[in-house]
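Colleague: The residues making up each chain are set out below.
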Amino acid sequence: MTGEWQVPRKKTFFERIQGAFPFHFRLMLPAIIVLAIITLYPFFWMIWLSLHETAMNPGEQDIFVGLANYANLLDDEVFLNGVKLLIWYFVICLSVEMFLGVSIALLINGMKYENLFVILFLMPMMVAPIVVGYLYSYLYNVSFGWYFWFLKSIGFLQTDTILASAKPVLGFLPSVAFFGVVAADVWNWTPLIILIVLAGLKNVPQDQLEAARMDGAGSWRTLWDVTLPNIRSVLLIAGILRFMDNVRYIDTIYVLTKGGPADSTKILPFHLYNISFRYFEFGRGAAVGFILLLFIIFMAMFFVKVFKKKEVAPVG
Amino acid sequence: MGKISRRELLKGLGIGSLALVGGHIVKSPLSPTQLAYASDDVKWKQFKGSKLVFMSEDTPPTSAIKSKIKSFKDLTGMDIEIIQEHLDIVSEKVGIDVRGKKGAYPVYYSQDKPIGAPFHAHAEDLRKYEADPTFPKVTDGVGSDVWLYRFLDVTGRFYGEPKIAAYPYDNAICVMMYRKDLFEKYSKQFESEYKKPLRYTENTTWKDVLDISKFFKKANFPDVKYGLALQGREGWGGQLDFQRVCYAHGQWREWDFDDWTGSRKPGPCKWGDEQSIVCLEKYKELMQYSHPDSLTNDWSGANTAYITGLAAMVPNYGEFAAVVEDPKQSVAAGGRTAYELCPKGDPSWIVNRGKAVNATNYGIGGIAINSYSKPELKKAAYLFVLWATSYETMMMVLKDVGGTPDRKRVFEDPEVKKAFVRETAPMKNIEPVEMEKGNPASRVTKVPLMPNGLTYGPSLKGILPPNVVVGPKIPKFNEYIQILTSEVQKCVSGAKTAKEACLAIKEKTDKLHGVK
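So the protein sequences, as listed, match chains G and S. Heads up, the first sequence is in this note's numbering, so the first residue is 404 and it goes up one at a time. Heads up, the second sequence is in this note's numbering, so the first residue is 28 and it goes up one at a time.
Since the hints were made in silico from the structure, they are not lab data. Bear in mind the structure is a predicted one, so any value in this text is a computation, not a measurement. Be aware that a few hints might be false.
What the hints assert, rightly or not - Some chain G residues close to chain S (C-beta under 10 Å, calculated; not the full set):
hint, residue
1, M459
2, L476
3, E480
4, S540
5, S546
6, D563
7, A580
8, A665
9, K669
Unchecked claim - The calculated lysine to aspartate or glutamate pairs, modelled on DMTMM-like cross-linking and capped at a C-alpha distance of 25 Å, are:
hint, chain 1, residue 1, chain 2, residue 2
10, S, K444, S, D172
11, S, K75, S, D172
12, G, K487, S, E527
13, S, K297, G, D479
14, S, K93, S, D286
15, S, K128, G, E684
16, S, K382, S, D286
17, G, K555, S, D325
18, S, K311, G, D563
19, G, K555, S, D250
20, S, K526, G, E517
21, S, K155, G, E463
22, S, K129, G, D479
23, S, K95, S, D440
24, S, K222, S, D250
25, S, K444, S, D353
26, S, K75, S, D101
27, S, K129, S, D440
28, S, K538, G, E463
29, S, K129, G, E463
30, S, K523, G, D563
31, S, K543, G, D563
Claimed, not checked - Negatives, chain S to chain G, calculated, CB over 10 Å:
hint, residue
32, S55
33, L491
34, K526
Just so it is clear, CB atoms sit at the ideal spot from N, CA and C, and this is done for glycine as well.
Between the sequences and the hints, there should be enough to build the whole structure, so can you do that?
Modeller: As structure tokens, this is what we get:
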């Protein structure tokens, strides 16, 4: 039968799909579909919602308002204050937690009772943030709070209260109550940084440390030039994790201050919670949520850029 | 023990999953006509085997209802799951549920303003069930006049509509609680300084309260540090706290519409007028001499300051009497506390030529039926609503575990009447508690059987005109109180003057209501 023309067989539907999508993509497809449903759908729905004034009562219709929900935010004092407080919040929390976390991790790394210390330091992280809120509300209580009594006794606290004081610290920083909330967050989440950094420290190459020692580098120099560059990616992960936690943080504030006094602890996520689930203004809430999302994406990209290690081409 | 068949297992799973979304229903085999002519006993049992879910605030009355729920189960054969949460969480969960038209909570707690005002349209009209002959009758019925003064209007009626969205279920009426023992102990010293007796009566004004607060704070006595504990926390607690001062002076209110039914479009508010500014200035002064946490305290925080002996006075809600009178929890127990009407307005603080009154406000918890639940489930829910708000249930929970009844008849009971006054109040024996170490005279061996009863005298006076202030019942109440309390806190903290804060409240509130 040589020499006869073979009419190419028409590909079946499945064969065409096989051609269009490589094998590994097809394997991932179910997971991609699930992810799309649980992330993309709400994402687009949020954008749609943010362009509407949602109906409150049965029989009413949502009203399309265009970008009015976004425009009105520029005039919303609580929103603008919330953005400012949020920046203060994650900058202070992140700085203190990173500093304490890295310091403690370096201190206990390789110690005789390292495991015991790890367990002790991890305990606060096991406590739910809402419980931390209740715990600190007792500790700060003027009537019987141990922290209040201690800070007052040593003369550190200049006000007669912690949580009811809207007085700015040093005249330009956020309020005393705000720092009360920050302290609770630091106590609750520094252990996470300790844990992540400790894991990173275990992977610092011993040969590099030994070489540094043999070259006569002191502890500080070794830390700066060998240890920290080696745990850079770990620090990035810890920083991004804590940042993302901070920008959606409301649990402890909800219990401790409800955003008061005088809006001095009302960081943006708490305002978002109020708009959406106390005033039930879903359209306005979606607009705030969308802006918060853009802010998170922008900041995450910023973090990645700052921490990105420049690859060095091998010599020779 | 026999094996469970596949059919039984599936049936069980089905019922279980239905229970997760608001309960399940087992219909009566009787027709509506048969039920209408049946006895009350049969009517109560028409949904035997069904299950309901009740979402409630974690109030003492709901805890009391929960502890007595067996009598409901015995009466109806129904089961009920009672979920108790903080009021804000109840509002959030009910709000999400009704806005999503899910009906997961067939029965829910409906505080008049935080939940009723925004969501009443999603509740069933209870008049429909009242007219239905298939439901049993309860003592006195459920008409307007069986409840305390206009309580049904407060919880059930909104914006001039005839619909009844909820029945009164519990209440928290504000009274002044004060340390009678400390007042007697330091009377002479106060009198020599302020040239007036250290006494609290229904004629005591807010200015007198300020003087007493100044006296205790300056004196710094070993047994009490502050004269007053307030509750200026952001939200409803703060709004109610400040409202008492405002209304006491010239019956000042933020709007002139009828407070009992409220208004959908309240129009321009009166914040920023002379009287509101004076009231805020005076409130700030009161705050300065109060317990230092007063700006962040709600009712529970203020109560803590009082029962730990840090404050000599606290305007607080009657339900807290149970804790105040418990010597294991409170240093103010054992007859040391007296209860009186909230302070009167001081004539020298009134600039609007209005009347000075003992401004009293409250939160009346209603009980409502979710309009998105299934029709038969709603009917079963009405049986629970009837039972929970009946005279017999209110009486039972009051006498056995403490409650805050709303029906007039309860207060006509001779034993309850005796509970109004400490000297005649029925008492119960307790394990002796020594209030002061090494002082046998301070030993408490008996406590009132119905401690809340001690607040009923001033409460029943406070809820009548001209003292009572109930508003503002507006759809955007929850956002309004945030605006209000946040600006009040800015003034108290010194970030704004009273005038600036009042004008800011006006600007923001008017904007909220579309007033240009």
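Colleague: Could you tell me which of the hints above the structure violates, numbers in ascending order?
Modeller: 2, 11, 14, 20, 22, 27 and 31
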